[in-house]
Every structure is written in C-alpha cells, then in structure tokens.
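Student: Those protein sequence lines, which keep their order, are chains H and S.
Every number in the numbering used here is 2 more than the matching position in the first sequence, counting from 1.
Every number in the numbering used here is 965 more than the matching position in the second sequence, counting from 1.
These are calculated hints, taken from the structure and not from any lab test.
Among these hints, one or two may not hold up.
[As the list claims (entries may be wrong)] If the Cβ cut is set under 8 Å, some of the chain S residues that face chain H in the computed set are:
id : residue
1  : P1121
2  : T1154
3  : R1155
4  : Q1156
5  : W1179
6  : E1182
7  : Y1183
8  : Q1186
Owing to the predicted nature of the structure, the values given are computational and were not obtained by experimental measurement.
The beta-carbon is built from N, C-alpha and C at its ideal position, and this holds for glycine as well.
The lines below spell out each chain.
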Amino acid sequence: MAGRVSRAVLILLALATAARGQTAETLAGYSFDEDELSSGPDTFAIFEHARGRVRLSTDFHTSGYRSVKLTDAAGDHDFPELQGYFPTQRQGRLYAHFAFLTTDAHQELNIALAGPRRFTLEKDGIAFWLLVDREGVLRHMSDSIPKRLANVQPFVWYTVDVDYDIDAGQYALRIWSEAAKEAVADLRAQPNAASHAGSSVDTFSFIGDLEDASNVTYYVDDIVIGTREAVRLGPFVAPGRRRLFVDSYLAYRRMESQRPTCFTPVAPADLGLTPTEIADAPLLAALQRALRSEQAADDAAAAVRAAASYRAGCAALDAGEATRAAVGFERAEALAPAAPLYHLSRALALIAGRRFDEAAQALSAAYPDLYADSRYAVTAGLLAMARGDLAGAEGALREAANTNAPAAGSRPRDAYYFALLVGERYDEAREYARRQVEPLAGREREAAQWLERMADAAFYAGARDEARDAYRRAVELAPEEASAILKLSDLAFLDGDLPTERALRERYYGALRPE
Amino acid sequence: MYTRLVAGNVAVARRLLSLALLAVSPAATLCAVAPTPGLAELARTGNTEAIRAMGPTVLPDLATIYTQSDEAQRATIANVFYALGWKSEDAKRVLLRDVHTENPTLRVQVQWALGRVSDDPLVVDILLANMQDDKNPLFRDKAACALAEDQIHLTPHQKIRLYEGLIGALDDEKPDVRRIALQALQILTRQTKGYSAGAPPEQRRRAIEAWQRWLDEYRAQY
Chain H
3 MAGRVSRAVL ILLALATAAR GQTAETLAGY SFDEDELSSG PDTFAIFEHA
53 RGRVRLSTDF HTSGYRSVKL TDAAGDHDFP ELQGYFPTQR QGRLYAHFAF
103 LTTDAHQELN IALAGPRRFT LEKDGIAFWL LVDREGVLRH MSDSIPKRLA
153 NVQPFVWYTV DVDYDIDAGQ YALRIWSEAA KEAVADLRAQ PNAASHAGSS
203 VDTFSFIGDL EDASNVTYYV DDIVIGTREA VRLGPFVAPG RRRLFVDSYL
253 AYRRMESQRP TCFTPVAPAD LGLTPTEIAD APLLAALQRA LRSEQAADDA
303 AAAVRAAASY RAGCAALDAG EATRAAVGFE RAEALAPAAP LYHLSRALAL
353 IAGRRFDEAA QALSAAYPDL YADSRYAVTA GLLAMARGDL AGAEGALREA
403 ANTNAPAAGS RPRDAYYFAL LVGERYDEAR EYARRQVEPL AGREREAAQW
453 LERMADAAFY AGARDEARDA YRRAVELAPE EASAILKLSD LAFLDGDLPT
503 ERALRERYYG ALRPE
Chain S
966 MYTRLVAGNV AVARRLLSLA LLAVSPAATL CAVAPTPGLA ELARTGNTEA
1016 IRAMGPTVLP DLATIYTQSD EAQRATIANV FYALGWKSED AKRVLLRDVH
1066 TENPTLRVQV QWALGRVSDD PLVVDILLAN MQDDKNPLFR DKAACALAED
1116 QIHLTPHQKI RLYEGLIGAL DDEKPDVRRI ALQALQILTR QTKGYSAGAP
1166 PEQRRRAIEA WQRWLDEYRA QY
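Okay, chain S solo, but in the shape it has when bound (with noise of 0.2 Å):
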C-alpha cells in the first residue's frame, strides 16, 4: 500500500515469526555442490541482513542450502527468502517442495515465502488450492494470508488471475473458506461489494455477481 517505509519491512514487521521447538525431522538429501562457506550458518540462524549484504547472487546457493537442511532449519531459510524479498527461480524451486508439508512452521512459512521469491501464476494457483482445499484449516487460512499480502511481485494485469481465484471461492461451500477469500479480497481491494460468507445463498450470490462485474471491468484494463 501506499506507505512510506519499505514494503518488505512493513511485511516483516507485521510477521514476526516464533519458531516452534519441533521434532527434528531426517536430514534433507545432501547435494553435490558446496554452497558459499559461512552461508549456511547464516541462513540456517535467520541473519537476513548479513545475507542482504552480499546481494541476490546468493539466491543459488540458499537453495541449495535449503535442500541441505531440516525441517526446522528449512522454516528458517524459508523466512529468509520471505524477509529478502527477491525473485527467484531457485528459491521457488525448493521452496514448492514443502508447499504441501504437514509441517506447520515449516508449511505457513513457505506459503508465505512463495510470492515474494516469485511471479509465477503456478505459485497463485497452488495457494488458491490451498485454500480452498487443504484438510487443516490452518494451512487454509494462512495460504489466503499470503495471497493478500504476499504477491509482490504480481504484475497489476497478472493478478486477474488471483482475483479470479478469490472471487471464484467466494461460492465455495466450506463458510471458513469463503470468509478467508474475502477477506483476502478486502485486504487488496478495500472493499467487500456487500458480500458475506455466511449470508444466505441468493444474498451471497448478488453479491458475487458484483464482484464478477467488477473482475470483467479490471480485466478490460489489460
């Protein structure tokens, strides 16, 4: 939004992450190539802005180091690529790995790290089916969280394609689901076009239809 610190920042400030103490999980398959010496640490003790300082050539070796690490250590390279906020095709790589982990430190982190590493429409498309389909309504809920605040990196003309997603959960038949959508919705938009996820049906559905307006009117823009 229109706001004078810098969005990563704001982002980062308002997500605070508590790393859980977890079961260590089996050591990921070690890869052949040695990543930068000393990055490793740094990644896997959170130190963003040592990483910042060395610039977005690291990206590579973070990846690799995220497939070096464990469950718990990943949650933490994955908060990194959040805090760094650069696109990367590596970094989304790994990171759509555990995109459907049971893992909950380790899942809502990289759900949260997955739009600020990449533009990818296959990116929106995995949340929104998080969303709307996922068994834990957690994991739910946080992939709605990161696709309201997380896209950084979309395009005004690419996210047609996440409204289309939001506004088409809108009718999903899981309430929490259509009140995450809209929430999502209000958090981009600033608006709700009346809608709400537990009103009756034709009442949901009007409100639907002006949403659908509404998307037609945006996508006429592009």
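Just chain H, same shape as in the assembly (with noise of 0.2 Å):
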C-alpha cells in the first residue's frame, strides 16, 4: 500500500487505552508507560534473586512505548517474577487482561492469578494458571489438568481475558494471536486450577518455570485487573485509537528528551587534560583510540584508561543500564578527577537510576567547571524533571535554550521546550518553537520538527486552526515524517470531517476492503 510509514513508526504509535487510570472497578491496571510505577505492597513486586531479571523495556509493546520483559535463567535455583496485589476478591466476578510475548515458544513460562494462600493449588490459592511447557503447548490448569489451548507462536502478541466467578469457582477465557483471524482460545465455565468454588484472589504473577530449566525472555504489558467488564478496554477516543496521535508521540518524544546520554567531550579541559598532555600527541592518539573503543591496556596513562571507562559509562547509560553506567563513570573520575565532563556524566546516571540526591552532588562536583556550560544547564534541567520540578527545569534550562552553545547541540532547547509544555506553558511553548523555525531556513528536517511542536504546543493551548497550519507546513518541508499527517487526522476528527480523517490514518494504518 502507498505511503505505507515504517513498521518502527507504528510501533511507536501503538495506543495506550485512554481508561487506564484507576477508577473505582479498576483493581490493578498498568501499561508499563507510566512515569511512576512504585513497587510496593498495593502494586507489585520484583523478585531477582539469581540470573534472572524483571525490567522495563521498549523492544516490544501491545501499547504505549513500554513493556516488561522477564529473563529466566536455568540452573539458576530460582525464576524471576513480576508479582503484582489487589484488593482480595471473595466474591462476584474478576475480570483480567494481559497480553503476553514469549521469544522462544519451547521455554517454560507460567502466569498465575492467586489467592491469600498463594500458589498452592488449594482453596484460595491458584484459581487461574496459564503455561506455556516445553512442547510449546499453551495450556490453562483446570480441574487439575494441564488443558491444552494451542501451539504458541514466539514473537506474536497474544492477548488473554479472563472472566472469572469466584462463586462458582469457574471463569470464561479467551486468547487472540495477532497473528490469527479467530481467537485461539474461547471456553466456558472452565473449573479453577484445582476446581475449588469461592477461591478468592488477590495476587497476578508472571515467573519463568519451577523447574530450573527455562531460559525463557518473555514480555508482558497491558495488565488490568478489575470488577467489571469495561476495566478491561478503555473507550475509543478517534476511530482505530484510544489515545489521540498528538498524546500517544508526545508522551513518546518526551521520554526521548528527558533519557540522559552523554554529551560527547568538545575541549581537552572536558578530560581534565593538563597542557603537557595536550602537548603530547601519543597520549591524544591513546585517548582518541579509547574513546572510540571502550577498551585501554592496563599499563596506559591514568587520562586513557578514564576515558574508555567513560566511554563504557556511555554505552551502559544508552543501553539503558543506570547502574553499570554509573560505575563507568565513578571509574574515569577516580583516575582524572578534574575531569568535569565526568562529574557531569556520572550525574547523568545517576538521574536516569532515580538517585537524585547523589545525582545533585555529581552536578555540584562540575559546577565549579562547568557552570556558565549548556551541558550542565542540560543536566541541571533534566534532574529538575525527573524530579517534577518543572519550575525548576525551566530556570535552569531558559538561557541554555536561549543561546546556541554547540556543545550540548540541540538538547537545551528540545529540554526547554518539553519542560515548558509538560508545565502545561502553552503559550510560552508555541512562542518559543515558533522562533527555533525562523533561523533555519535551507534545513528542512528540523524547521519541520520545530513547526510540529508550535503545532502541539498551539494544539493543547485549543488554538486548533494554528495547529493545523503549522502541521501543514511541517508536512510541506518533511513529507516522509508521519507523525504531522497523522495529528493531522486528530484535527480532522475533532473538526468532524470524518473523511478527511480517514484518509489521513488509512494512508499509514491501511484498510481492510472486501474481496
């Protein structure tokens, strides 16, 4: 199909049901595309205590941009789990949906709603399990047998409802594959695990397998739990979503900004470099050669070996690994402390680990250094989000954004601007995105991006007919881009031309026509 946008971009857009929030028959309901997901008693739990691993990741999703991705180890002498409470439910009906994803069909995977006695198969104990075994058989325990569903499919979304009567002690199931036309699973009047009427829950529980022998990397997202039915879909805001486009990129985007990275060194007082080591050229080529490869012999000048250990902090912190960055970091400062790009990369980590405080007193370390820089103005700024801060993020970010320092690049602007409109600044917004457009004549991509955001910005201050203009005029200068065509269709919608707005979504989404 013509114009067809890139299966990358519609991942990015895969919508986020808009009733996520907790309403009064919600239970338990998360898209893993919260900003805040606190474990504790009345959420979840994470549980890694051998191999295996419990995160958050972007590699797949049903929804949103996040979905949780569970690594079990074999041989480990434990699975890892995601283990999420609720409110016990004794009585009256439980309905439950989840989608899952399993990258290798012949590891063991098991999925559990529980009770007070958790999971034993006893009264109040498992009333609903769900395995994938080593056959690859997807299977549902009911009456103490293991009933077979359907042969599982590894990379493929399946989504399952659960409707569950406690009474009775019997639930409803349904299974989509998205890669089937019909569901691979509709039964009725299922007995619980181990046909116990009046099993109460309270607990949902995804591990690898009992056994020790799974290496299983599964993926789950879109949990909700709750009284009734509806819990489980959110409504429809516009025709095929549940979240306009313009929400579902901005919450997208402004993860983008707000994820710390490194800024890349610009001067030799970055690395604390002395003038008789910017004199010596071997050891430049040595520190040239580490920063590219992460690697330096163990005998190489203490600036060489900081600056691969730094360079390893940066992978780690674009891998998304907070911890291991910060290691990295620590390492290059404790061999070139009056390296302030190091202090500064350190307090990177240690916002994108949610350890402020220690992260206020990396910053303060390169103050001395770096004070009147954009970098630390960045940096600064970003804590002051992560934080929720937004006041904060602006003073910080204002002049940085305002000047055009080439050491940070674009980010003291693209920070400014999300900290302005994340603070529901809308004017301010749409003012400053409309002055980055005017001096970049002849640079088509970003002058595009920057019309995009005056548009976002003059979309939620309800200036529609502005908005609309300004997606224009980005899609003039950069028609590839998706994402103004389809906040286009939003318009459209709102408007009430439904054509239009069809035309629009169908020109990325398809349509399914009769034979």
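Each of the two chains sits in its own frame; use the hints to bring them together as a complex.
Tutor: Listed below in structure tokens is the structure:
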C-alpha cells in the first residue's frame, strides 16, 4: 500500500487505552508507560534473586512504548517474578486482561492469578494458571489438568481475557493471537485450577519455570484487573485509537528528550587534561582510541584509562543500564578527578537510576568548571524534570536554550520546550518553538520538527486552526514524516471531518476492504 | 508445587531421616571396581552437600558403593540419592534390588528415593504394587507417600500412568489402600471428587466414575 510508514513508527504509535487510570472498578492496571511505577504492598514486587531479570523494555509492546521483560536462567536455583497485588476479591466476578509475547516457544513460562494462600492448588491458592510448556503448547490448569489450548508462536502477542466467577470457581477464557484472525481459545465455564468454588484472588504473578530448566525471555504488557468487564477496554477517542496521535507521540518524544545520554567531549578541559598532556601527541592518539573503543591497556596513562571507562559508561547509559553506567563514570572520575565531564556524566547516570540526591552532588562537583556551560544547564534541567520540579527545569534551561552553544547541541532547546509543554505553559512553548523555526531556512527537517512542536503546543492551547496550519507546513517541509500527518487526522476527527480523518489515518494503517 | 523454595530442599525438610539402630546385616557382595577415594565415607555418613559439590558424574560410583555397603549404610546412601534428586540409571538399578526388602528403614528410604532418581514407568508400577499388595501396611503407606510426593521427574504426560494406578486402587478391597490411594491423589491434585474410603460401595463407585472421567479428560490433553 502506498505511503506505508515503517513498522518502527507504527510500533511507536501503538496506542494505550485512555482509561488506564484507576477507577473504582479497576483493581490493578499497568501499561508500563507510566511515569511512576512504584513497587509496594499494594502494587507489585519484583523478584530477581538469581540470574533471572524483570525489567522495563521498549523492545516489544502492545500499547504505548514499554512493556515488562522477564528473563529466566536455567540452573540458577530460582526464577524471576513480577508479582502484583490488589484487594482480595472473595465473591462476585473478576475480569483480568493482559498480553504476553515469548521469544522462544519451547521455553516454559507460567502466569497465575492467586489468592491469600498464594501458589498452591488449595482453595484461595491458585485460581487461574496459564503456562507454556517445553513442547511449545499453551495450556491452562483447570480441574487439576493441564489442558491444551494452542501451539504457541514466538514473537507473537497473545492477548488474554479471563472472566472469573469467584463463587462458582469457574472462568471464561478468551485468547487472541495477533497472527490469527480468530481467537485461539474461547472457553466457557472452565473449573478453576483445582476446581475449588469460592476461591478468592488478590495476586497476579508472571514467572519463568519452577523446575529451573527454562531460559525463557518473554514480555508482558497491559495488565488490567477489575470488577467490571469495561475496565479492560478504554473508550475509543477516535477511530482505531484509544489515544490521540498527538498524545501518543508526545509521550514517546518526551521520554526520549528526558533520557539521559552522554555529552561528547568538545575540549581537552572536559577530560581534565593538563597542558603537558595536551602537548603529548601519542597520549592524545591513545585517548582518541580509548574514546572510540572503550578499551585501554592496564599500563596506559590514567587519562587514557579514564577515557575508556567514560566511553564504557556512555554505552551502558545508552543501553539503559544506569547502575553499570555510574560505575564506569565513577572509575573515570577516580582516574581523572579534574575532568568535569566525568562528574556531569555520573550525574546523568544517577538521574537515569533515579538517585537524585547523589546526582545533585555529582552535578555540584562539575559546577566550578561548567556552570556557564549549556551541558550543565541541560543536566540540571533533566534532574529538575525527573524530580517533577518543572519550574526549576525551566529556570535551569532557559538561558542555555536561548543561546546556541555547540557543546550541548540541540538538547537544551529540546529539554526547555518539553519543560514548558509538560508544565502546561502552552503559549510560551508555542512562541518558543516558533522562534526556533525562523533561523532554520534551508534545514527542512529541523524546521519541520519545530513547526510540529509549535503545532502541538497550539493544539494543547486550544488553537486548532493555528495547529492545523503549522502541521501542514511541517508536512510540506518533511513529507516522509508520519507524525504531522497523523496529527492532522486527529484534528480532522475533532472537526467532524471523518472522510479526511480516515484518509489520513489509512495512509499509514491501511484498510480492510471486502474482496 | 508453586513455591519459591528449591523443591529438593523442601522435600528434604519434610523428610528428616531418623536412622534407628539396626542389627548389622551381612556385608553386601564386593564389586571389582574401586570407586572415588573418600566418596564411600561421604556416602555412608550421608554427607550430601559434599557429594553434591562433586556433580552428577559421581552417581555410578555411588551406586557401586551402595552395592558394597550393609543395610544401614544402604539406607543412608538411599537418602543421599533422595536428597540429590539426580536422574541415574545406575541408582535406579541398585535401589530396585532393595525395593522389597523387609528391613523397614532401608525399604522406606528406597521407596522414597526411586522416584527421585528415575522417571521409569517401572518405578511407578512397582510402587503402586507395593502400595496395594505388600503385606506390611507401613510399606504400603510409604509407597503411597512416595507416589504422591517423590516422582519428581515425571512429565505431566508420564503422570497418566500414576493416576491410572491410584484411581484403580480406589476400588481395592482393603480400606487402608483405598485411603492412601485417595490421599496420594489429593496431594497431587488437591481434589477428592467426593470420594471417601469408608463410604458405602455405591457412593464410592460414583466418585470413582468421576475420577475416571477426570482421567479421560487428562489423557485427552496429551
């Protein structure tokens, strides 16, 4: 189909249901795109006692941009677990919804809903138990029998809906595969795991296997548990989506702009080099190699080893491994304590790891050398944003955002814009974005990006005509970018122009037509 | 069951061995092969953790040591096999030699250990037979325990044979056999299907039919 945008962009636009927020009937709900995902006795716990892992991931997701990734390791005498909690339901009906994707259909995984007696087959223990066995068969434990449902395909999302009648101890089960037109399972009145009427539930659990033989990696997304069927689905806000494109893109791009990444060194002073070291050509060559390769000989000069550690820390930060990144930067700081860039980098890693007090301390170590540097301002702004201090973020970023210091690239301007937008300063955000467009003559992609941002701010300010004009100008400058076109689809819908909405939306999502 | 403890440790914790002093039995026949030095002492003193650290390659030697030991020592070594939980044809072979011994401590240890070294259907069949037909009610009872808790290597498909035997034993003429068969089923499935070993025959029959239907459904999944 003409005009099809890449799968990557469509994945970015996978929609979260608008009604994931807690209502009285929602007992637990996680799309894993939330800003705040706090573990605790009323939310969830993560168990990673051996080599297994439970992590947020952007690899695969059914909505938003993240899911949870569970990785088990055979022979480590334990299993990773995402265990969630909700108020005990002892009667009535419970509706549960979740999606999972496994990367290897022949590695075992287990999913359960259980009660206060947790993971036994007693009454008030496991009520619902779904598993993928080593033969790649999806089964549910019903009436103490591992009943066959379907063969599992790897890298396919399975969406599971359980309607559990607690009093009767039975459930209806529907499972859809994104690879099939019809449900792979559609069952009624299934006895619960060990056929116990009145078996209560208050826990959900996702694990690897119990026999310590599984190396499964699988993803879980969109967990919703409630007392009414409607909690499973948020309303459609427009055709084909439970969230406007404007909102979906904003969530993703905001996340990207706030993700700490390394600054590139732009001067020898960044690395704390002395005049003698600067004049040492072989040393500089070794340092360049270390910055490229992350490697340095054990007997190399301290500055070279520091550069290698710094580069390794940056790679870890890019990979989302904040703790490993902080270790790399700490090592670099120890080897080259006069290098302000390493202090700044450690602050970035600590922000990523949500260790804000330590990040503030690291930032203060960089202050004497970098206080006038826009990179310092960006880092301070990121710290303030991460702490929810939008006013502080604006203050930190304002001056840096209005200069064009090359050291930090576009990051100060990007971060400042999002600080204004998230702080609901829509008029200021759109004026700021408008000012960024003017000097970008001849740089169509950048100009299009700022036009789109101006349009976004206008949209949230309620100035739809201005937003529409700006999106159209963005499309003229960068016709290959899907985002502005899809946002025009939102505006058409809001204006009641359904044919235009459809034409723009189907340009990227296609359409089902009769043969 | 669904537990965060390592299955083997939980089972061992439930099955603390108390070795009674027994009359010394005649020494077992010596074999020609010499096992790993030091292993015999570890085995005969029940030092499972030291043996575990050596890895499963010691199992053939352990089996040899078993055959070279007296009954009290063999009971200890059987418990080591139990605690290790490693599959071994050699261990199964030597343990089966004592599966009908009259020595109570040795018999119980062997019956417990067999399912932890093997998934051979023969083991299940022998334990079922012991559960139903042994003259000694203690041995019948412990065979049922072994069937309920210690067949750790059986796949769900392999368990069909186990369930067939237990459900068949629900109709045994001996009330204690009926009782322990149900107990084993209840441990495995957490269900009774309304069966009571002391109920009138007609009531038992209806419950057995429910179990039969359950078994038919179970078989259909594989």
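Student: Hints first: check each against the structure and report whether it holds.
Tutor: Each hint, compared with the structure:
no., hint, result
1, P1121, "holds (5 Å)"
2, T1154, "holds (4 Å)"
3, R1155, "holds (4 Å)"
4, Q1156, "holds (6 Å)"
5, W1179, "holds (7 Å)"
6, E1182, "holds (6 Å)"
7, Y1183, "holds (5 Å)"
8, Q1186, "holds (5 Å)"
Every hint, counting from the list given before, is met by this structure.
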